[in-house]
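Residue numbers (UniProt numbering), protein chains in the order written: chain A, 1 to 298; chain B, 1 to 298.
If you're looking for bench data, these hints aren't it; they were derived computationally from the structure. Using N, Cα and C, we set each Cβ at its ideal position, and we do this for glycine too. Errors might be hidden in some of the hints.
Unchecked claim - Computed footprint of chain B on chain A, listed as stretches where at least three residues anywhere in the stretch have a Cβ under 8 Å from a Cβ of chain B: (1) 93 to 102; (2) 107 to 119.
As the list claims (entries may be wrong) - Simulated crosslink set (DSSO-like; lysine-lysine; CA at most 30 Å straight-line): (3) Lys203/A to Lys222/A; (4) Lys108/B to Lys259/A; (5) Lys113/B to Lys222/A; (6) Lys250/B to Lys113/A; (7) Lys222/A to Lys222/B; (8) Lys113/A to Lys297/B; (9) Lys250/B to Lys288/A.
What the hints assert, rightly or not - Some, not all, of what chain B presents toward chain A, calculated at C-beta under 10 Å: (10) Ile56; (11) Met101; (12) Ser124; (13) Ile125; (14) Leu158; (15) Glu251; (16) Met255; (17) Lys259; (18) Ala261; (19) Gln274; (20) Val276; (21) Lys280; (22) Phe284; (23) Met286; (24) Tyr294.
2 protein chains.
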Amino acid sequence: MDFQLCNNSIFKFSSKNAPALKINSGDVVEIHTYDCFSNQLQTPEDTLDAMDWERINPATGPIYIEEAKEGDVLKVTIEEINLNNQGVMVAGEGSGILGHMLKGMESKIIPIKDNEGIFDEQLSIPLNPMIGVIGVAPSKEEINSGTPGPHGGNMDNLMITTGATIYFPVFTDGALFALGDLHAAMGDGEIGVTGIEIAGSVKVKLEVVKGLKLNNPVLENKESFTTIASEINLEEAVNQATIDMAEILKERMPMGLHKIAMLMSAVGHTEICQVVDPLKTARFVMPKWVLETYDFKF
Amino acid sequence: MDFQLCNNSIFKFSSKNAPALKINSGDVVEIHTYDCFSNQLQTPEDTLDAMDWERINPATGPIYIEEAKEGDVLKVTIEEINLNNQGVMVAGEGSGILGHMLKGMESKIIPIKDNEGIFDEQLSIPLNPMIGVIGVAPSKEEINSGTPGPHGGNMDNLMITTGATIYFPVFTDGALFALGDLHAAMGDGEIGVTGIEIAGSVKVKLEVVKGLKLNNPVLENKESFTTIASEINLEEAVNQATIDMAEILKERMPMGLHKIAMLMSAVGHTEICQVVDPLKTARFVMPKWVLETYDFKF
Numbered sequence: 001m002d003f004q005l006c007n008n009s010i011f012k013f014s015s016k017n018a019p020a021l022k023i024n025s026g027d028v029v030e031i032h033t034y035d036c037f038s039n040q041l042q043t044p045e046d047t048l049d050a051m052d053w054e055r056i057n058p059a060t061g062p063i064y065i066e067e068a069k070e071g072d073v074l075k076v077t078i079e080e081i082n083l084n085n086q087g088v089m090v091a092g093e094g095s096g097i098l099g100h101m102l103k104g105m106e107s108k109i110i111p112i113k114d115n116e117g118i119f120d121e122q123l124s125i126p127l128n129p130m131i132g133v134i135g136v137a138p139s140k141e142e143i144n145s146g147t148p149g150p151h152g153g154n155m156d157n158l159m160i161t162t163g164a165t166i167y168f169p170v171f172t173d174g175a176l177f178a179l180g181d182l183h184a185a186m187g188d189g190e191i192g193v194t195g196i197e198i199a200g201s202v203k204v205k206l207e208v209v210k211g212l213k214l215n216n217p218v219l220e221n222k223e224s225f226t227t228i229a230s231e232i233n234l235e236e237a238v239n240q241a242t243i244d245m246a247e248i249l250k251e252r253m254p255m256g257l258h259k260i261a262m263l264m265s266a267v268g269h270t271e272i273c274q275v276v277d278p279l280k281t282a283r284f285v286m287p288k289w290v291l292e293t294y295d296f297k298f
Numbered sequence: 001m002d003f004q005l006c007n008n009s010i011f012k013f014s015s016k017n018a019p020a021l022k023i024n025s026g027d028v029v030e031i032h033t034y035d036c037f038s039n040q041l042q043t044p045e046d047t048l049d050a051m052d053w054e055r056i057n058p059a060t061g062p063i064y065i066e067e068a069k070e071g072d073v074l075k076v077t078i079e080e081i082n083l084n085n086q087g088v089m090v091a092g093e094g095s096g097i098l099g100h101m102l103k104g105m106e107s108k109i110i111p112i113k114d115n116e117g118i119f120d121e122q123l124s125i126p127l128n129p130m131i132g133v134i135g136v137a138p139s140k141e142e143i144n145s146g147t148p149g150p151h152g153g154n155m156d157n158l159m160i161t162t163g164a165t166i167y168f169p170v171f172t173d174g175a176l177f178a179l180g181d182l183h184a185a186m187g188d189g190e191i192g193v194t195g196i197e198i199a200g201s202v203k204v205k206l207e208v209v210k211g212l213k214l215n216n217p218v219l220e221n222k223e224s225f226t227t228i229a230s231e232i233n234l235e236e237a238v239n240q241a242t243i244d245m246a247e248i249l250k251e252r253m254p255m256g257l258h259k260i261a262m263l264m265s266a267v268g269h270t271e272i273c274q275v276v277d278p279l280k281t282a283r284f285v286m287p288k289w290v291l292e293t294y295d296f297k298f
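Isolated chain A (complex conformation) (with noise of 0.2 Å):
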């Protein structure tokens, strides 16, 4: 490990932030974070009321990349995540899906113990954990932490995770990196609002690549490819996942669209990261060895 960034904290991503840190490209990093709520929730008594919702998806950072100039495509590899020892989960009125359903706000303290959450006396969660809010800085307007994008952001996707490689489009120079928002385990969806929020700290690899050319964040890992898209609602995240995956594919595989769209239909997944965050996100996901069959390279 080349380097460490300790909670500077940034509630939205903007190229005026300025750099907390200055690296070069193929530089390691170790990044802590708050939770979600910046660490206020810590014991059950601390009651909702008394939070400060302005410190909501802290995201440490912002890193500049010394070689990342507008049009690059910053790759992140997720080398290690470490959580703190407990979590915490919220649940309430006008809050995710069934937010209609609930009156007034509850909060829950989840103890971390040998690789599992214990949500209560009965059931003990294996954790998945994994990045919620990951990304770069936009080109022109200042985005919220909250909010998902072309940039990355508040995604809130379980494959960003210890192995994954993710691909951002560089909109600014230094591009101008920021994780926060650990979650323990989360299920797709988010429904919610919170997985079990987390304090911790992430190892990633940063390196600029130039030459490709990306509207959206990809990823990858052992398994498969993956497009990610935000958009309005799902159906267009939806939509513009597979366009994303359809238009990458059309470049690098020996075969015409039509049959690009039956392999995709036959094997391919459309799956959901969100459908809680101002903007909601779908991603695209092609099986690996289906795509090395044809040499496959992005």
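Following the hints, complete the assembly by docking chain B onto the known chain A.
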């Protein structure tokens, strides 16, 4: 096996359809069915232009179950799926998510051999046999067999496969069950409008359950308990499947709805069945081992 029913095609689910077979609750029926094109595409030379598009999505049935009355539930256990030795796919202009990027229609015969679909010389796709169209007659309206709904129909849900049990609300005396549209393989979303479409037969056990109320189909298999909803768009389908799950758990779990929302958010998954039929279909999947921790019984 008690009964056989061969290719008695219906093209709409309707309480007005005359029964093709009458059985008693608990009987097992082997149902033979054409592919979604009524087997019109058999060789690479069969042109799409010559196809009768009125004969799309045949379902075999309907089967009248003597004990079934309006307000009951029909429990369908899928004991066996047998596929013919070749399937077919279609992609083209105006069809599916990529339809706007395609000019003209193309089809492709896919031989089935050794439990794989031969996509081309490079790629053989392992089969995941499933039933695209399955359901009962709706209460009043007649619903085209290409459209899903509370009665089931064209849900194109990967989970509707061997070993699964599906529960349908019964809207009319006898239930009038039918199924068709087998797929040898399909990805979630069915983004190009076809999976590997294929003819074959399905062995199902049909049982009437009294005293259980359902809004929409529910599926149970070894791993999970799943609600399924079809709505005008994916957003609404996801919302309804999630709400259906919350309503079912609320009656059967030893905890309040806030905690149920947290549990669903932490371990439940919102997933996509299909996004290309006249209504879109989503499912909410809860791991059964989690529910069993709380002695959940449906």
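A quick look at each hint next to the structure:
1. 93 to 102: Coverage by chain B holds for the region 93 to 102 of chain A (5 residues, Cβ < 8 Å).
2. 107 to 119: It holds: at least three residues are needed, and the region 107 to 119 of chain A offers 3 whose Cβ sits within less than 8 Å of chain B.
3. Lys203/A to Lys222/A: Distance of about 18 Å is within 30 Å: holds.
4. Lys108/B to Lys259/A: holds, 9 Å
5. Lys113/B to Lys222/A: Answer holds: Lys113/B to Lys222/A is near 28 Å, not above 30 Å.
6. Lys250/B to Lys113/A: Holds. Lys250/B to Lys113/A sits at ~28 Å (cutoff 30 Å).
7. Lys222/A to Lys222/B: Given pair Lys222/A, Lys222/B holds - Cα atoms ~27 Å apart, limit 30 Å.
8. Lys113/A to Lys297/B: OK: Lys113/A and Lys297/B at ~29 Å, within 30 Å.
9. Lys250/B to Lys288/A: This hinted pair is violated, its Cα atoms lying about 40 Å apart.
10. Ile56: violated, 16 Å
11. Met101: With a minimum Cβ separation of about 6 Å from chain A (threshold 10 Å), the hint on Met101/B holds.
12. Ser124: holds, 9 Å
13. Ile125: This hint holds: Ile125/B lies near chain A, its Cβ roughly 6 Å from the closest one there, short of 10 Å.
14. Leu158: This hint holds: Leu158/B lies near chain A, its Cβ roughly 9 Å from the closest one there, short of 10 Å.
15. Glu251: violated, 13 Å
16. Met255: The hint holds - Met255/B has a Cβ within 10 Å of chain A, the shortest such distance being about 8 Å.
17. Lys259: Since chain A brings a Cβ to about 7 Å from Lys259/B, closer than 10 Å, the hint holds.
18. Ala261: At about 4 Å, which falls below the 10 Å cut-off, the nearest Cβ of chain A leaves the hint on Ala261/B intact, so it holds.
19. Gln274: Holds. Min distance 9 Å.
20. Val276: At about 9 Å, which falls below the 10 Å cut-off, the nearest Cβ of chain A leaves the hint on Val276/B intact, so it holds.
21. Lys280: holds, 8 Å
22. Phe284: At 8 Å from the nearest chain A Cβ, Phe284/B passes the 10 Å test, so the hint holds.
23. Met286: holds, 9 Å
24. Tyr294: holds, 6 Å
Consistency note: the structure conflicts with the earlier hints numbered 9, 10 and 15.
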